[in-house]
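Note that the protein sequences, when read in sequence, are chains S and H. Going left to right, the first sequence walks through residues 103 to 298 as my numbering numbers them. Going left to right, the second sequence walks through residues 476 to 622 as my numbering numbers them.
Don't take every hint at face value.
Partner residues aside, some chain H positions facing chain S, computed with beta carbon under 10 Å [what the hints assert, rightly or not]: (1) F522; (2) P526; (3) I553; (4) L580.
Chain H is nowhere near these chain S residues, computed Cβ spacing over 10 Å in every case [what the hints assert, rightly or not]: (5) C125; (6) L170; (7) G280; (8) Y284.
Don't read these hints as lab results, they were simulated from the structure. In this text, a Cβ means the ideal position worked out from N, Cα and C, and glycines have one as well.
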Amino acid sequence: MEQYLNARLIAEPLRLFDCVMACSGADAVIIGPTDRVQKGKAVQVLSGFEHHNHPPGEIIPLEGAWKLYKDRLWDLAGFGPMDMNFVNAYDDYPIMVAIQLEDLGFCAKGEVGRLLDEHSLAYNGSFPINTGGGQLSVGQAGMAGGLMLITEAVCQLRQEAGDRQVKNALRALASGYGMVGYGHGLSTSAAILAVN
Amino acid sequence: MTKEKPSNGHAYPKPKETSLNRTFLEAWHKEGKLLVQSCKNCNHVFFYPRPFCPKCFSIDIRWLPTNGHGKVLSFTLIHRPNHPAFFAEVPIVLAEIALDEGASLLSRVVGENRTQIRPNSTLTLVSGDMKKNYPLPTFKLVCQSYS
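Could you put the whole structure together from the sequences, leaning on the hints where they help?
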């Protein structure tokens, strides 16, 4: 923790370990009918949404489009935020995870600090976030980076995460963000996944 | 366009000139002015240069000279720039600036007192000889406010 807090400043208030590393890599998932998969190994998408360019024209946004579809996302899945066993949120910088947790309804806007204070976030904690370490730990493989959150969620839900396995991992949320340009957050997405 | 050279010998990266931003770049280089655009249909004022209004999609737009004044919405001090031309000038101050005319833009703030920048600080475009040092409209602090 001391090493993290004392790392050199990159752009205030971000320090070295707040910035994702560029790396090489690839991710893949296989999509198919669940009845061809042995019991306990099929992962279903209960609901999923994507929205582009919100808020428009805002150079330094503190929100994303998740808030526009979060109610439909939870309703369609038939579960709420506190039913999730873990969350994998897009993490190019820590602030993006905080914004996603707020906009997806895990807490009210502006109250993510309290939420994070109340919980331990490790894979074996009370509110596991980015159970594989996230991109901030392993790096961002360019445009393939976002899918890592899905592959990690699938791995957890199939109970194949080994030493970092979340206990009783039945349901999870994975969310993404990207293509950020000058005043445009081109894409936000979120999906609720559950083991079949 | 001439290549501006900061103290450590690396030229500042040059903005890519296109048919869309040429008027904007020339106004800065030749006259030290910051141009934004305004829509003749809905009066929306916007930056960066675009071929149509981002609010109502009208192509009936015009260039609008600004008075060069604005207020800080947010800012950061960059200690590790992504281009060597800026290494000798850290911290580089980047601010989101609300212009008097209504549009906001991301721009660099220079000057000895630049790290005293705060939300709501008043800014003005650099003037005189300082202008030609910078390839894009650049601001300096007018006075401080601690609101």
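Now the hints, each set against the structure:
| no. | hint | in the structure |
| --- | --- | --- |
| 1 | F522 | 9 Å, holds |
| 2 | P526 | 15 Å, violated |
| 3 | I553 | 4 Å, holds |
| 4 | L580 | 7 Å, holds |
| 5 | C125 | 17 Å, holds |
| 6 | L170 | 19 Å, holds |
| 7 | G280 | 19 Å, holds |
| 8 | Y284 | 6 Å, violated |
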